[in-house]
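Chemist: In order, the protein sequences belong to chains A and B.
Note that my numbering gives residue 160 to position 160 of the first sequence, counting from 1, and the numbers run on in steps of one.
Note that my numbering gives residue 300 to position 300 of the second sequence, counting from 1, and the numbers run on in steps of one.
Treat the hints with caution; some may be incorrect.
One copy or two, it doesn't matter: identical chains are merged, so the pair holds either way.
Listed next, the in silico EDC-like pairs over lysine to aspartate or glutamate satisfying Cα-Cα at most 16 Å (straight line) [said to hold, decoys possible]:
hint	residue 1	residue 2
1	104	210
2	325	24
3	138	101
4	141	100
5	213	101
6	155	267
7	194	262
Honestly, the hints are just simulated from the structure, not real lab data.
Number of protein chains: 2
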Amino acid sequence: MKKLGQQISIHHGNGGVQTKALIEDLFIHFFENEFLENQSDSAVLPVTGKNIAFTTDSFVVDPIFFPGGNIGSLAICGTLNDLAVSGSNPLYLSVGFIIEEGFKISYLERIVRSMAKEANQAGVKIVTGDTKVVNSGKCDKVFINTSGIGLIEEKHVSISSGIRVKPGDKILLNGPPGEHGMAIMQARGIFNFKSNLKSDCVSLFPLINEILKVSDGISFLRDATRGGVATVVNEIARKCKVGVEIDETCLPVNPDVRVMCEILGFDQLYIANEGKVIVVVDASDAYHVLNSMRKIKTGRTTEIIGEISSDHKGKVVLRTKSGGKRILDELIGDQLPRIC
Amino acid sequence: MKKLGQQISIHHGNGGVQTKALIEDLFIHFFENEFLENQSDSAVLPVTGKNIAFTTDSFVVDPIFFPGGNIGSLAICGTLNDLAVSGSNPLYLSVGFIIEEGFKISYLERIVRSMAKEANQAGVKIVTGDTKVVNSGKCDKVFINTSGIGLIEEKHVSISSGIRVKPGDKILLNGPPGEHGMAIMQARGIFNFKSNLKSDCVSLFPLINEILKVSDGISFLRDATRGGVATVVNEIARKCKVGVEIDETCLPVNPDVRVMCEILGFDQLYIANEGKVIVVVDASDAYHVLNSMRKIKTGRTTEIIGEISSDHKGKVVLRTKSGGKRILDELIGDQLPRIC
């Protein structure tokens, strides 16, 4: 446990290098099994000759209501997205609430309504739940865990493993990064900046379902949440033992996010999203998939942002706007805690 | 939402009348579906022609280490038990941690070791997980959510629905109630009482598996956790539209629990357990099941504590030691918050 230090720090929860250390040195070390070791958003599990996806996420976002969503819609979309990127068809969700004594029932109702709405839209049922109440001051308003089960068709089973990823594959991103993280930042009101920026919190299943229908060339899918786009492309480079090249000039950009990042000194590639998916696809199918994605609301601003390379294995290289190249590193410090 | 009041109170989390109101008036009202409406410990779900059990639980127990277990072993056993009482064979678990900044890594390691040990003993894999860290003061040390999936054989699918329960059935309990709740109470050190009392926290799957092997007459199974034995038998009476009679003289008793309850004015039938199961069985099989249970460590002190009646439907009648009869009501106030 030497690498982990003596105490949990806020960085252990940021989705970056320290989260990875905690997962590998503690959880995978003791819980040791082939499913967990894959470190996918969902575990892909054999059940009576079929394959199901199983995923879990706890949500501790602060504030619980923010432009574009709330902790409830975030919990449902987040879990639906983890199921969708594993190539599965989401079927069932569980919900566990931990609520602080004194929390307003009207707030809880608003959260529950949003959850029901998102689940209904996705055709998914919330089938089991749990409620715990803790004394005032022992949690922060409300925390929500959602776990989910999806069914994976045989031909999509290997998508979440990353083994299909190969040099030459194109990397697509369905819109500008950083909207969720920056909307949360703004909602906290800790700096004086007003914009119409909203979280991109949305269910990506309809978009991903369409991609998997129109192309057999999909190599990998991953939603870019904590740690942002940079964390996902680094994960691809490491997990698939390939190089990744990202072209900064091709990145879709939200002008509000850009301005806020410039003021605050953040890099939008590390900021959290809740409605962005990285799609790795065979080069021959890339433009077909691009066009199909752009026809769907959540994919309208999709761009090809880079490609898989056989050079600099395990590393991500960013071709900058100024024509230079630099390594796009893994996230080390934390930019924004409690964004999901 | 009138019945629920304006704010969440600690009683909304006690497993009694107010928890039920919250579940029915808010969660089931908005999440409306046939699986959730059944209000079983696990949802019984069709997946490609088979039936799986799916369950979730968040654990907020205080203190996190206590005689007989810790929050980690409790989380694994609790979820295994919810799967087992639905008649399923537990297969896979997820784990979601919410950890307070500054929490000792050595404590986390101790918790994770216990979880791994319990999961290994049960032959169940922890296949997916999530970690969130919140700032100091925003949660109380560590909260754990465990969700689980089990596979149900066709002949056991209706067990968790309660439809098999009928007048004449015998009610068995595998040991003295109240040990978990009272061990937690004692571990809080808020009153001066020393004993060797330990939580009964244990995986009940081996015991339940044996019951289902030796008898086709099992009508219903439920582990008696929050709200204790009284809450489970009231649930049976209400859900199955039958009367329940419990014979106080037949109840197995732990002398330490009895003394502590007398001092504190508690009723052991409402105190939480983490290793006790209520078994409802056809009268013709009752003694056979009783003897089979007594051969297994976690069932050694099993007793037949009552029976299902066609009288006083929806109510539980307690035949007291003094020969009288009284209604054993649902739990209204809260005896012990944060016991699981």
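Chemist: Okay, which hints does this one fail, numbers in order?
Modeler: 1, 2, 5, 6
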